[in-house]
Amino acid sequence: AQTVTQSQPEMSVQEAETVTLSCTYDTSESNYYLFWYKQPPSRQMILVIRQEAYKQQNATENRFSVNFQKAAKSFSLKISDSQLGDTAMYFCAFIIMYSGGGADGLTFGKGTHLIIQP
Amino acid sequence: KAGVTQTPRYLIKTRGQQVTLSCSPISGHRSVSWYQQTPGQGLQFLFEYFSETQRNKGNFPGRFSGRQFSNSRSEMNVSTLELGDSALYLCASSLGTGTGEQYFGPGTRLTVT
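So the protein lines, in turn, are chains A and B.
To convert, note that position 64 of the first sequence is 64 in my numbering; the numbers rise steadily by one, no gaps.
To convert, note that position 106 of the second sequence is 106 in my numbering; the numbers rise steadily by one, no gaps.
Chain B with its partners taken away, still in its complex shape (with noise of 0.2 angstroms):
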């Protein structure tokens, strides 16, 4: 099977902008979760959809958003971009039926100017 996609790679985004990520889960996962990770916070889950629903949510302002389609895919957006905004975001898929396991992406580094 092929893994947890994330496109882009990286980007580079001005302050103010807004930026859209996406994320393409396992065959057969219907879970998908993001998180940031930067070097002062670490890792802190943002959010989980399940269904095209989401599920959970951790604590991030709202400017932090996302959605589910049907085939599962997963996109998150940022709008109004800041400065620490810059980092790197992963999307995690499971089956998101009680296991547990979570299976990451490679990420997407988003560097805010």
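Same shape as in the complex, but just chain A (with noise of 0.2 angstroms):
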């Protein structure tokens, strides 16, 4: 079965920190992408970032990159500079891909509540 785990239900910084916010998952697959997806209290899931499994590199994108560890099926995000706005839950999730372009669904974790304090 494939499983998200992120073992973080909340988390609280001040604003300008930097925060990292913990995944781990588990597929006996090889081909797919990894993804962290942010939800502010409005629900709109909003996408923050996304890796593919075959890269090496570490994903970065503005403030937010990740520590993507293959071996240890981790993919954690750090966010930079926190502000105000980067309230919200914080899911990790990953899709596996077909050859042909199929893919099975999103696989998400529980969730991480961030809560940037002014």
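Please keep in mind that the hints were generated in silico from the structure rather than gathered at the bench.
Each hint should be verified, as a subset may be incorrect.
[Said to hold, decoys possible] Result set (SDA-like, lysine to any residue): computed pairs, CA atoms no more than 25 angstroms apart in a straight line:
#1 A:LYS70 / A:ASN31
#2 A:LYS73 / B:THR111
#3 A:LYS73 / B:GLN41
What you are looking at is a predicted structure, and each value in this text was computed from that prediction instead of being measured.
Build the complex: two chains, separate frames, hints provided.
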């Protein structure tokens, strides 16, 4: 079975600090993508960052970066210079890709509620 | 480009009724996936449609069904509603050709009384 574990149900940091959210996953498949999604109080799910499993280089999007450790099946998200607008639920997810472009649905973790304090 | 749209945004139904939710994907996207989000079970994959065909399905009972039209718009139907079907239903669109990225709509909040 494919699973995603986010071990931190809630985290709270001060504005401008750096915070790291943890995620581990389990799959026996080799072709997959990993994602971090953000869900603010509006409930709109927003894609934060994407990582292809076949790439060793860690993905970066502005203040957001990941630490992808494929052998350990670990995929953490680092948010630098955190802002009040970063307050949200953060979900780690992955999707198995099949030849021909097909894919299973996203498998999500339970989420980490991140609170940025002023 | 316009984002993913879902209608209606809120819905209240009674046990035993059926409901149809609609999703319009991003222009050019051919894949639409549906997810159920509840406090207890989290986010769970329902099914994916690509070029009017169901390509993948999650572990949900047959009361949950869907379809996709030639313009890629998708509908999800739930028959014989149960209290446990109360949830936020999210639709996501993607190109469907191997990038893996899915873009979500704002969701439909379904309450079953």
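Hints, verified against the model:
no.: 1; hint: A:LYS70 / A:ASN31; result: holds (12 angstroms)
no.: 2; hint: A:LYS73 / B:THR111; result: violated (37 angstroms)
no.: 3; hint: A:LYS73 / B:GLN41; result: holds (23 angstroms)
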